[in-house]
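All residue numbers for the sequence shown refer to this note's numbering, where the first residue is 1 and numbers rise by one.
If you are wondering where the hints come from, they were derived from the structure by calculation, not from laboratory data.
Values in this document were obtained by computation on a predicted structure and should not be read as measured data.
Distance condition first, Cα-Cα at most 25 Å in a straight line; then the derived DSS-like pairs of lysine-lysine:
id, residue 1, residue 2
1, Lys83, Lys64
2, Lys202, Lys342
3, Lys352, Lys330
Quick list of simulated restraints, FRET-style, between CB atoms:
id, residue 1, residue 2, range
4, Glu323, Thr44, 30 to 38 Å
5, Gly255, Thr155, 37 to 45 Å
6, Lys95, Thr204, 47 to 55 Å
7, Glu248, Lys381, 48 to 56 Å
Think of the CB as a built atom: it goes at the ideal place given N, C-alpha and C, for glycine as much as any other residue.
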Amino acid sequence: MRIIYFTTATSKEDYASFSSSWKSSLNTSIQNLHNRLIRSLALTHEVDVMSIRPFSRRFCMLSKLDASTRQEGRITWHNLEIKKWKFSRYWSISKQCKKILNKMNLKDCIIITDTLNPNVLNNSTNFAKKYGLPIIGVCHGTPSNIQNTGKSYTTFVLGRAKDLSGYISLTPGLNDLFNKGSRANLTIEGVAEDKTSKFSRKPTYGKYIYYNGPLNEKYGVFELIKAFKELDNPHITLVISGYHANEEKLKDIIGEDKNIINLGMIQNDQIVSLANHSIVNINPYPYSEDFDRYVVPDSLVDYLAAPSILVSVRNRQFKPNFEEDAVWIKSNEVLDLLHGIKAAINMKEEDKNNMIKKANADASKQFSMLAVNHRIIRFLKQFIKQKE
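Please put together the full structure from these sequences, using the hints given.
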């Protein structure tokens, strides 16, 4: 079985230089998820990636994106040329994909596609139909949650994704949203970074609490900042990273506190390194039906796999399976967050080590690249059999 993966993601090396060419921050959570899924699949199978990178004449400092190919073990990254003008861009992408696919032996091939990018989804579904290949959608978020889009965007994406062969979703709720035909599906909450990856050197922040994720008010980061200020411990720093839609509001809530460090958008390896060296990793996402239905908190899988204590607001997907692996709190209200942080900091060393050890073992069992590979490959094989 050979896998053809349509996505906006690219290799870690190419993404580092690509993202530096933007005036505004890109969504690294999408890059990280697809990149890890691709590398997980490549542990056992050949993967050809059709990388349709995002482009904006307004925010990207490049006039166009040049085509390139990178070989990485069993992965062939096909970074497609992205032209300046939209009309020629869409036609060019289709032409490039056709040229690459026509050179492949498509026997026992299967397509995997991102389901949130219209250009990616349009090309992947067209070529799946053209070559009679099964196509599996990766559902990692709701189209209505994509910024600066309207009802027509949501209607198009959900309509284009409704007739795929199968679905891989981060939550059961996302499967319900995309998989209207009740077709074969698999739920995988995330992929932990490969422990053999080369992470950046140990951070120089001393003892710190770490959060990575959206730096918007609705995701609980403002309550986290207020709770940290209530902690009032000059020997501990709060380090936050991620995408922010309103930088001025974030600066206002941080104020003059020198013990709060905002790194903004950073690369995957740095995120993992920060999670691995913190004294506490924290998830302040609010507990609500919509969040649990459609959202997996950024970096929660990395936190569970890290050698640090996790403090997290309860989550219906994770709490039952990791009940003894974290300090779970009822809500992201300031008082609950403060109590959770204090409980983690003051925990006896033996209890702390036991909790971390169990969390790491449970996370490896479910989210390691090899574990995810086994689950997805077993899922994909049924579509090749059906084709035969």
